[in-house]
Amino acid sequence: MTRIILDNFLRRWRMWTLLCLLFAAAGLVLASERDIRISAVVMWISICTTGMDWSFGWVRVLRSLPFTAGQIGRVYWWLTVCAPTLLFAVFSAVGILIARLAATHGETLGTWLQMFIAPGPQDKFLGLWLETVLAGGLLSGSFFWFVSVAVWASVLTRPGKTRRESFLRQFAACAFVIALVAGIYFLCKSSISSTDKLVVAYFFGFVFSVLGWIRAKRLFIESSFRPDIARAGLTRGKSEPRPGYGGALYLIVRFCVFYLGIVALVIALVIGAYGIAVRVDHGAHWSDIVSPGLGELQFWIFLMCLIQTMIMGTHLKFLRSLPLTSKQLAATILCVAILPVLIIGGLWSSFFLIEPGFLSAVSILKFCLLNLAPVCALTTGVIWYNEKHFRRITGVILAWNVSLVPIIYQMATASRGGLPIWIIIAIPVVSVFMAWLTINRLLERNDMTYRLKWEMLGHRP
Amino acid sequence: MSANAIEFHGLIKTYPTFQLGPLDLTVPRGAIYGLIGPNGAGKTTAIDMIFGMGRNDAGTINVLGLDHIRDEVALKRRAAYVSPELNFRLWGRVGKAIRFVRGFYPDWDDVYCGKLMKAFHLGDDERISTLSFGAKTKLSLLLALSRRPEILILDEPTTGLDAISKQQVFSELLQAVEGGERTVLISSHNLSDIERFADHIGMIKNGKLLLEGRTDEIVDRFRFAEFFTENGTVISSRDGLVILRRDEKRWHALVDQRSETEEWLRGHGAKEISLTRVTLEDLFVALAKPEEAI
Chain A
46 MTRIILDNFL RRWRMWTLLC LLFAAAGLVL ASERDIRISA VVMWISICTT
96 GMDWSFGWVR VLRSLPFTAG QIGRVYWWLT VCAPTLLFAV FSAVGILIAR
146 LAATHGETLG TWLQMFIAPG PQDKFLGLWL ETVLAGGLLS GSFFWFVSVA
196 VWASVLTRPG KTRRESFLRQ FAACAFVIAL VAGIYFLCKS SISSTDKLVV
246 AYFFGFVFSV LGWIRAKRLF IESSFRPDIA RAGLTRGKSE PRPGYGGALY
296 LIVRFCVFYL GIVALVIALV IGAYGIAVRV DHGAHWSDIV SPGLGELQFW
346 IFLMCLIQTM IMGTHLKFLR SLPLTSKQLA ATILCVAILP VLIIGGLWSS
396 FFLIEPGFLS AVSILKFCLL NLAPVCALTT GVIWYNEKHF RRITGVILAW
446 NVSLVPIIYQ MATASRGGLP IWIIIAIPVV SVFMAWLTIN RLLERNDMTY
496 RLKWEMLGHR P
Chain B
1440 MSANAIEFHG LIKTYPTFQL GPLDLTVPRG AIYGLIGPNG AGKTTAIDMI
1490 FGMGRNDAGT INVLGLDHIR DEVALKRRAA YVSPELNFRL WGRVGKAIRF
1540 VRGFYPDWDD VYCGKLMKAF HLGDDERIST LSFGAKTKLS LLLALSRRPE
1590 ILILDEPTTG LDAISKQQVF SELLQAVEGG ERTVLISSHN LSDIERFADH
1640 IGMIKNGKLL LEGRTDEIVD RFRFAEFFTE NGTVISSRDG LVILRRDEKR
1690 WHALVDQRSE TEEWLRGHGA KEISLTRVTL EDLFVALAKP EEAI
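Protein sequence lines, in the order shown, are assigned to chains A and B. When we follow the numbering used here, the leftmost residue of the first sequence carries the number 46, and every step to the right adds one. When we follow the numbering used here, the leftmost residue of the second sequence carries the number 1440, and every step to the right adds one.
Calculated directly from the structure, the hints in this document are not laboratory data. Treat the numbers as computed from the prediction; the structure is a model and nothing was measured. By construction, the Cβ of each residue, glycine as well, lies at the ideal position given by its N, Cα and C atoms. No false leads were slipped in.
Just a few of them, taken from the derived set where beta-carbon distance is under 8 Å, the chain A residues facing chain B:
| # | residue |
| --- | --- |
| 1 | S284 |
| 2 | E285 |
| 3 | G291 |
| 4 | G292 |
| 5 | Y295 |
| 6 | R365 |
| 7 | T370 |
| 8 | E489 |
If the Cβ cut is set under 10 Å, some of the chain B residues that face chain A in the computed set are:
| # | residue |
| --- | --- |
| 9 | K1452 |
| 10 | Y1454 |
| 11 | A1518 |
| 12 | Y1520 |
| 13 | F1539 |
| 14 | V1540 |
| 15 | M1556 |
| 16 | G1562 |
| 17 | D1563 |
| 18 | A1583 |
Sequences and hints are given; from them, build the entire structure.
What follows is the structure in structure tokens.
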């Protein structure tokens, strides 16, 4: 077991180093912004990255080693929950300390020490640190349980024997999401005291973490499950092709509907859970209620773009064998990523055009147009594939961060007019053109684009 | 109109540790052409290049007289690609994948598609993720055959198929090429299948074409030779002769009958030369074996 853990640390030392830096950065931010969402985002990134081996077929390799399912499941739990939590505890402390040190620069050592060790209010180091670590650990444990329960493993990848069973599974997943929304609503409700909320959140976090630990073994068994077995040689449905249009348009429409569906659901959830709970009580305007959705949208646009392009990236060999030129295929891939952003931007600004008015609508539209640059960077990055994983991933993250600069600048200077309109139009136009050229070249010249990548989503040959 | 369906002329693709080519390969129209070679020989690279997955550094590829770069779309309309590496999960269900692919081909044959779905036991409502590896290959073949392509290019199509499924796949392939209008290029490690079904073969090793021609002629051209020499006689591999094994005075070799090697061996002290027929697999093992192992 220790060998498996050590192997992971040695193989993925760069990833662990980056995570440590991320934890320290989170500590820096948490020192001034005491927001549990920072811990949530950090731990979510952590579980996604540490869980990568799971989708690379690691689980099937481990199955052949002389360990029980329980042992392997718990090693996985250790690597995705326990190790990141411990590192989070250490490096967030470093981050908080650095922030404190910077804040108290020039003050006497005695004053600083007093701030550091003084008991009492939570804004002193120990209180803040304990709260951060506890929240981080419980969130990590809960995320593990959430993933293991598993919308992914049980509901989506494992089909039901009948359509009814599949429907029931999906219904159960929806019910779970609704319960989650209800939980967020509860946490946002202003009439409940923050101490009560914290106690309830920690209680559920603890329960979910324990459930995650218990489910670790089951998760391993389910991940080793080959869905082929479920087929049992029976043919389902008619043995004749379905009517309807096909081709590249079908692909674009299908992706857009999926993308828009998810984003619409998120907007509905945010407005439902956050907006109503926080704003309606105070009799706010409806545009104030939907505004928080805009911030959340940003995250979901990138996440969906990443997921969609990754899925598409695993099918490039097949797509390239179809009668499309590399230019057409590059355009199709970009359309799939860009169109939903434009549709969402259009709809969102239309709402704001009705109320509060033209200026707000233009502001939203600018925001969505600037979003196209990071979406293009992300899409190109996912299609780009070579054997130098670390260099590639670092390059993509850097390009993505650079492409985010105009949005950040626009948000920071919106009250003073922000970027000139010609720049706001030029940035997406240039980004889309550059992305199209690059993807076209990758499809045309780089045969690595078509190889190996299908392993990324845990496809098992 | 060219008499050949596929022509590779001086094709070169260079990687840091491997070079494919210069490769000159000719697939006659109406043939079932088996492309064989050891792992990493460059078969998939060569096939992928037909469909524009990577760009050749030099040389040309012509398919039905169409250039693989200039006439990319026209070529892909007339040629179909089947490989276990093709992934269809994106479409969720068999029916949706069929619907998607059909949109690209005006000549798509719905009736034939339905027939193939029955033959391959594939239902339109079936989830692609639940299909076995063999069933996925069948789906890939169904999507390729239903468009009635003039050329069918198959990369390891029988991987993961049981004997019955393999029989089924080849029977459909043979039906598809009936009449001699369609051409099949098939890359496979299953040499007994290639020997049975392919009328032409090409063998690649380390990115170079070793042999090409009609299967029966090639198999007939080579013989296993067993002979004896006096102690101390040294005979090494040369053009038309591959030394396979030596047990003191007794030698085992592969002989190309076109190269008058038998006379050459006698001239170098070989006695009691006996020749026996080879199978394609024997020939492959003898030629594809790394030289240092002989």
